[in-house]
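J.: Spelled out from the first residue to the last, the chains are:
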Amino acid sequence: MALLTVKDLSVGYGNQIVAENINFEVNAGDYLCIVGENGSGKSTLMKTLLRLQKPVKGEILTGEGLTENEIGYLPQQTVIQKDFPASVREVVLSGCQSRGGFRPFYSSEDKKTAAENMEKMGITDLAGRCYRELSGGQQQRVLLARALCATRKLLLLDEPVSGLDPKVTAEMYALISELNKEKVTIIMISHDIGAAMGFADHILHIGDNVFFGTKDEYLGSKAGKFFLMMQSRDAESVFASGPRKTMKKEEETNG
Amino acid sequence: MDKLAFYLQYPFVRYALIVGVLISLCSSLLGVTLVLKRFSYIGDGLSHVAFGAMAIAGVLGLSNNMLIVMPVTVISAVLLLRTGQNARIKGDAAIAMISVGALAFGYLIMNIFSTSANLSGDVCTTLFGSTSILTLSLGEVWLCVVLSIVVVVIFILFYNKIFAVTFDENFAKATGVKTDAYNLIIAVVTAVIIVLAMNLVGSLLISALVIFPALSAMKLFKSFKSVTVCSAVLSVVCALSGMIISILAGTPVGSTIVAADAVVFGICCIAGAIMGGTSK
Ligand SMILES: Nc1ncnc2c1ncn2[C@@H]1O[C@H](COP(=O)(O)OP(=O)(O)OP(=O)(O)O)[C@@H](O)[C@H]1O
Ligand SMILES: [Mg+2]
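Which chain is which? The protein sequence lines are P and C, in order.
Note that the numbering used here gives residue 31 to position 31 of the first sequence, counting from 1, and the numbers run on in steps of one.
Note that the numbering used here gives residue 47 to position 47 of the second sequence, counting from 1, and the numbers run on in steps of one.
Hints in this document: simulated from the structure, not taken from any laboratory.
Please note that a few of the clues may not be correct.
Stated by the list, open to error - Simulated pairs of lysine-lysine, DSS-like, Cα-Cα distance not exceeding 30 Å:
#	chain 1	residue 1	chain 2	residue 2
1	P	LYS120	C	LYS222
2	C	LYS225	P	LYS54
3	C	LYS3	P	LYS120
4	C	LYS3	P	LYS111
5	C	LYS178	P	LYS153
6	C	LYS178	P	LYS54
Unchecked claim - Some chain P residues judged to face chain C by a derived CB distance under 8 Å, without partners named:
#	residue
7	LEU50
8	LEU52
9	LEU66
10	GLU68
11	ASN69
12	GLY72
13	PRO75
14	ASP83
15	PRO85
16	GLU90
17	SER94
18	SER98
19	PRO104
20	CYS130
Said to hold, decoys possible - Derived list of chain C stretches under chain P, where covered just means 3 residues or more per stretch with a C-beta under 8 Å from a C-beta of chain P:
#	region
21	152-161
22	169-175
23	245-255
In this text the structure is predicted, and so the values were computed from the model without any measurement.
We put the CB at the ideal spot given by N, CA and C, even for glycine.
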């Protein structure tokens, strides 16, 4: 039994379907990349996998003893209010919340996990800083550290590099594949087809033609060829969505 | 000082001070969460509901009107939270409807059934708290003390969960935290605090008591814990000084406390601007 099995799933809002006929399987240790155009329903699918939303049709089965509180999540956009007072340490520690059950306080083990994950993400020296005053890249690392506190099994990442500069993007990818080597299963949404091809072992393409298979199968498939062609048509394809996203992010933090 | 010592001889003054400190402590604790979750409007709505319930209790001639005010307010809190979750806009409208409706209904009932000669005085007392804090019976004082302790204990026990749910509800939910249950706890505790605070400042000024200390603390501090502690301290200091001033100067208790809160907020704004200006 796979870690996660998705059967004939349709996702959407209310009765409105945004993506359908989704079938795939994720095994422990996999690195699955979800690709597709803007608005094709990738984030919606991820929210459905996280049970933040009800599936319109179909089912999601978990196996290998994966329970609800063993999933880590890095949202695409966190609507954290501009003036929320929270230190980096508090944010990272809050990832440990799910395993405590009804225990009211964090155990020393939780604190150790948080410290380790901050170390791993290179944010230990930011621990006392205010979360909202960090740069986008630093915030992203904080949220990744938080996600790691929640689980060592399965991580769902929704565009973890959006708004990051090329250097930090590369570091982020390196961190994620490092985690994958440590047997953390990764499901990542990305517009960066280059990275998807470079790091992932399975690809799920959402859109008119849903595709699921290994990286090599994807390269040979119709959907894959077309998508790759579209992506490489604008020369700096890797950052086709980069600058726009960056600007949006800046507007939000300024505004 | 002599005058203060003289007043402190009276038990009802001491009760008022104890109850005032406890209530201000409780009301400040959830302030940060309510402000950040945009729940402050629920606080406002609930205070009107509590006013309506108070009016009904008064008409029914209940000796202890907490018996009716508390359950009604708690139930309304839960209902408001439900509608607020289903659809944001509808939730807003529901709150406006319930709160204004309760206000009108409450006043109407008071007007029709009231046997008191001084109706506008009664209404004023319920809305602005005026002197009710000085007329508490020993039983009411104990009720306040017990409820305050319960609120503080619940807050401490659920502190980390409240943070998780307030900071990023989706993440908390996705990782298996029972966010619905904690939202419910937040709503119920809010309702209890509001009913308690009605004694101190009256139903119209409760929001100020809940929100001002939190906003002031947020100007000065940047971690959740320090903001929570700071707002508790500010709230207690303001309540104490407000009550003492009102005793000495003969001003209305509730409005004096809220005025103190507002002054402190102004000071914190300036201090925050200076601190922010130098550190950047
Ligand atoms: N809360 C919502 N209610 C109704 N429709 C929504 C909601 N959020 C998104 N949608 C719609 O669902 C569709 C899929 O959105 P989704 O966010 O899943 O796309 P995406 O693949 O993640 O896109 P992107 O690459 O831009 O992140 C879009 O057409 C969007 O308009
Ligand atoms: Mg998306």
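J.: All hints, please: hold or fail.
T.: Results of checking the hints against the structure:
1. LYS120(P) with LYS222(C): Measuring from Cα to Cα gives roughly 24 Å; hence the hint holds.
2. LYS225(C) with LYS54(P): Violated. LYS225(C) to LYS54(P) sits at ~35 Å, over the 30 Å cutoff.
3. LYS3(C) with LYS120(P): Violated, at about 62 Å.
4. LYS3(C) with LYS111(P): Violated - the C-alpha atoms of LYS111(P) and LYS3(C) are around 52 Å apart, more than 30 Å.
5. LYS178(C) with LYS153(P): Holds - the C-alpha atoms of LYS153(P) and LYS178(C) are around 20 Å apart, at most 30 Å.
6. LYS178(C) with LYS54(P): OK: LYS178(C) and LYS54(P) at ~16 Å, within 30 Å.
7. LEU50: holds, 4 Å
8. LEU52: At 6 Å from the nearest chain C Cβ, LEU52(P) passes the 8 Å test, so the hint holds.
9. LEU66: violated, 11 Å
10. GLU68: holds, 4 Å
11. ASN69: It holds, given that the least Cβ distance between ASN69(P) and chain C is near 3 Å, below 8 Å.
12. GLY72: At about 7 Å, which falls below the 8 Å cut-off, the nearest Cβ of chain C leaves the hint on GLY72(P) intact, so it holds.
13. PRO75: This hint holds: PRO75(P) lies near chain C, its Cβ roughly 6 Å from the closest one there, short of 8 Å.
14. ASP83: This hint holds: ASP83(P) lies near chain C, its Cβ roughly 6 Å from the closest one there, short of 8 Å.
15. PRO85: holds, 4 Å
16. GLU90: holds, 5 Å
17. SER94: SER94(P) check passes; min Cβ-Cβ to chain C is 4 Å, inside 8 Å.
18. SER98: At 4 Å from the nearest chain C Cβ, SER98(P) passes the 8 Å test, so the hint holds.
19. PRO104: This hint holds: PRO104(P) lies near chain C, its Cβ roughly 4 Å from the closest one there, short of 8 Å.
20. CYS130: holds, 4 Å
21. 152-161: With 6 residues in contact (Cβ-Cβ under 8 Å with chain P), the coverage given for the region 152-161 of chain C holds.
22. 169-175: holds (count 6)
23. 245-255: violated (count 0)
Hints 2, 3, 4, 9, 23, counting from the list given before, are not met by this structure.
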